[in-house]
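Grab the two chains, each in its own frame, and use the hints to assemble them into the complex.
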Amino acid sequence: MTTPPPAAASPPLAAQRPSDAFVAYVLDLCANKQAQSALRSGLGRPAERCNRLHRYLVRRLPERMHPDARRAHYAVAALIAARPRSARALDAERAEAEGAVSHWYARANLGASLAHAVNAQIIKPGSAEGDLHLYSRQSSEALNVRLPAMTRHLLSGGIAVDWAVLLEDLTWWDRDRDRVATRWLESYFRTLHAETADDAAVGSHTDASSTDLAELPEENFA
Amino acid sequence: MADGFDLRDEPWIAVRWADGGSAWCGLRELFQRAHEIVDLELPVPPAASGLLRILAAMTARIARDDEGVRLDDGDVAEEIVSWLGVRDRVLAGGRFDPGAVDAYLDEEVPAGRFDLFDPQRPFLQDPRLAAECVDAKGLPNPSGVNKLVFGRPTGVNGAVLFGHFTDGEPVAVPAAEAVWHLIAQLYYGPSGQCTPRRITTVKPGNGDAGPLRKAVSYHVWAPDLFTTLVLSVPLPGEGLEAEARDECPWEAGELPDPLGPPQELTWPGRRLTGHFRHAVLLKPSADRSGVCDAYITWSTHGPRHADRDPYTVLDRDKDGQLRVREADGARALWRDLDALLLMDSGDRSLRPAALGDLPSHLRSRLSVRAYGFHQDGQQKDTTWFEATTPPVLQWQEEADPRMARHLARCHRAAEDVGERLDYAARLAWKLATDTSAVSETKVKLDRKKPGPWAMAARGRYWPAAEREFWKMTDAERCDSPPLPPLVNAALTALDEAIGTAGRADIRVARARTRARSTLRALLRPAA
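Chains as they are written, first to last, in the working numbering: chain A, 60 to 281; chain B, 67 to 593.
So that you can see chain B by itself, here it is in the shape it has in the complex (with noise of 0.2 Å):
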């Protein structure tokens, strides 16, 4: 179609290919070429999560064996060893083979599905919004586009710090970028009031959040995107009994019902693309190069789904139920690695599923890619990250249990040594500052007024403890105590941070050799 903006040739992903070049490409290309590509560059981690899961939901329909056998087929799943041999033949085969690449792009999905402005079936949009979204006049009320962008102000409260953009004079975003909001807002929307959707005679204003919102999530992370891709096809096990046809949105002949119940959820493409909360609509501009509004609404309050994302850590919190890792714009990637690296880390937390059976001649070129997007459960948004550690897969429990529970042994004990940095540099500007608290035999710190030398710590010691961290990864300090490094690391931290200024100050030093005592008790045997 001339005129709408078709993902499958449209330039509209961002990747870099193996000769080091960066281009934007289609789904097509994407594909046909993923052996050529190292990476993706989508400049939105919420979007390129969203993205891994989609490509990953296409891929388990694309990729199939020498003899045929396609990876998300039914019977092979039922026995996950002769489903693991499936996808170590595909892995064995290098690529994607066009022919199917096409066939599933062209022929398997009904046309137009994959056109951003389909008037029909616009790619993981409703076009009902636009006759439902709208006002007691019947006049359509539309979100507007600044809704769409993440990061720009919205409303007429919405602050304008970081790009003028204001609802009364909306500025088009390219269609390219148009995807990846639309896909990051329906994976990380808010929850809470939105456009109000008229179905029947009650016209309900607000939503749920979407499936990932504040979730950090794991991706394996390989030399070449094809394998990446299929590394991240879940491995089948819930939703496999389902009766229903597994169906992706673009893929289902009718539209979701939005006051129906949930739909069932099937392996794999329902899993990763099925529990979208929000509906939206995209609407053109008039020359179709972009979008200039758009309706973002609910698209179901019907109860959520049980299952678990399969690229996120659960965590178990204290009343023993499980709950998804948040993401942390404030700590560093590798603080979760033994969560990562161990098959169920204690009773704390649970390995993302998508990590566990990895091919084992492959583990040492596997890193792990982090996509976060710290938020609050609600609207508030404040930072988003992507982050890749080295080749640490190798150090799997049951690839190598000794690494690994070295590795926890040495996160465990930096987690622990910041803790205890961050009280003693409390517990200094206590006795530094309140003469009183000198004498008693047990000082009483007030949360609410840590001073300034705990937050100037932890600054400082946690890039530090990281590069102690990985200098322990080396295998032949696997016996080695974790410990010294550490504190020495925090020593020197509270020491800069209560600097060289004040301590000439009788009451400093004091506090300061007292704070330097509690940190180096970590250092002797328990008693």
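Extracted from the complex, chain A is given alone in its bound form (with noise of 0.2 Å):
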């Protein structure tokens, strides 16, 4: 539980990207309560019932916009809002602290941030692998109705969530949701493996953190 993911949650100093920018803004937002309570009210909707959220969030973004791309920015501003109190305290520790900024491919995605929670023993890894077996073949409607409370176990839990990444995960989740759950998957694996077994050795595969993989859902869990 002591180790902090490698990417924090708090945007680079430099923050070039757009999504960078856009959490920063949304971070700043929520010091005002009456703008935290508003766009908390999106949580897990459809960025068209939102209704309370325009008014924060229309002129930050552009006028012509994907739909793919205006639920996924309408859905992380929710989340971000939504975070735990701890998580709050937590973050503003953790922007004091950080001074490098990582990059972009190092920067821990949600499946990343699920095996972190895994090795702090917040999540048994059979449902983290449930977890990212079923969201790895939904479409991005479903699974903004699934994050919410996903990620408000994970940071009740101390889990440090990358919004920005998450943001763009998001966006492109419906147009190339394949090479991004891959992505969610290879980092949790990877992650999982650099911190709990070394299976090093050919012909000795013991793996603690799969003792509990025979429960995986089928195939056709969703």
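Keep in mind that the hints were calculated from the coordinates and are not lab data.
Treat the hints with caution; some may be incorrect.
What the hints assert, rightly or not - Some chain B residues near chain A, calculated using beta-carbon distances under 10 Å: (1) Arg82; (2) Arg569; (3) Ala575; (4) Arg582.
Note that CB positions come from ideal geometry on N, CA and C, so glycine has one too.
Written as structure tokens, this is what we have:
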């Protein structure tokens, strides 16, 4: 539980990516209680029904925007606003501690965050893999419904979620789901294996973390 | 003889001249202009491999230095140093003496011996077969021309896939091509049942495999054929003390006795051309331009000679016995390179004798030419191949020990990574398809169910590994560790074999991560 994820939730100082800028903007908004509660109301809803969010987001976003991207921005804004109190304090701490900016490709996506959670024994490996397995075959609409519970669980356990990475992944989810899901799965397993079992030797594949993998949901779960 | 096919002057050997043109020539032109020839272009590699042995035996007779000392002179050969001196002077001469070529082809070998259809002594054939291969009624019982030509279907059960030849309707083969297949049959012929040959009252109808069956042979390859031929004369050694006079089949006065004891092996002629287990007789077509039928049967049932062929690699098997390295059509030539460079590559294999004691001033220009015939020990032929390396012999251990060992290390690393990749791909398939295997502490893999990824990964890895290997032959990279680029190549091969389609599936992703970590484990220093 002591190992912090390599990539922090706070945006890098030299925020050149639009996604980072958007996340920083939303974090600023959340300092205001009224704005935060308005943003939070969009949790799990499609962008068309997020009436209270338009006031804050419409002017921030370009006028012509792909519906996928719009929905992703609304969803992530709501997720940020819905952070539990402990996560807000943690974010503030990290923002002060964070100095170096890690490369975009090295930043933790949701798969890596889940693996950190498993390593920290916040989630059981079986259920983490079950969730990933489920996500990797759902549309972003269904994913948006499930994400709030997942991020709340992660954040309350002290695991950071990189919002900018999540924002971009959600933007492309419907267009390029396989690739994004592959990236999540790969980071998940890589992070998991880096910190737990060291299955180096050929022939003896002991893997402590995969003991309850037999409970993995079957193919037609979704 | 007007109605013969004289191998001395008829064109039958495909060669490439220094000016780039390709042509066919006979033995006389080949030897007289050998210094202008850059390559042999026989389209049948086993025939080329056999022909090189025959030409090497003739070279030993023809080549002589400026004082007229012949390369097969027994007295000179007693001292290896003086023999190497003669060879160096022959090489310095730069070409065969045309007079010596004529003298050998016309005078030393009795007339008619180089004729493919000579009634008494056809070239490399046995005229007695016409009388000995007969059926119960005393009628001739030939084997058929399709049996002679490699690649044609034979008998009644042969598959007609690539050429519509049947024994009921034989198609004659041109005489020039028949010589190639004659040579290939003598060196690589099948074992087992063959046309019966009656000499006494019994009529045995089976024979042994040809001396080079299954083998891949390595020949030193110089920029011109003259140097190639002189360097392919085996070093004097075994067979030097024999009592008998050294005679090649076309020089011998008598036909060999099929029932008698095996002939003594003598250097150099018999060591190269005295191992045959088959006897062949070609039947010319009416106009004598082709061969319309053939007898192919056994020539001896005596014990095999223990002599080792000078152009093959010997591998030591599990029992410590030396075996000739077999040709494998799916294996690239560079994977044998360590066996060609190291003097005795550990205990595992012995370098071909013909690759030893090369003149140092030529080494940087010498390549290795491999001729292989992938077949089983009996009747089945799979594929044949011909391959040439870049000039690698400059890195032989005696010339450049550091480089030779570096290359051997690179090759060893490539083989290790290849083996591990095979394991990793099979493991990945097992983990991806068998959910119960994931939770087992030790995954059991079934050799017979490798899954589709292992072969695909191997097929992608080996060409990539070859590119990496030749990159590593750069002398400046002599000290860089060979493993990292090879492991990267293997990881890429594994990813390509698994493909992108299934990767979004959690089982595939999990299996892939495990497989990748087994490959990466190679990079970790052994604990």
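Subject >> Interface hint outcome for B:Ala575 [beta carbon to chain A under 10 Å] >> reply: Since the shortest Cβ distance to chain A is 4 Å, the answer is holds.
Subject >> When the least beta-carbon distance from B:Arg569 to chain A is tested against 10 Å, hint result >> reply: Where the cut-off is 10 Å and the nearest Cβ of chain A is about 4 Å from B:Arg569, the hint holds.
Subject >> Hint validity - B:Arg582 Cβ closer than 10 Å to any chain A Cβ >> reply: holds (9 Å)
Original post:
Against chain A, with CB atoms and a cut of 10 Å, does the hint on B:Arg82 hold up?
Top reply: violated (48 Å)
In summary, the one numbered hint that this structure violates is 1.
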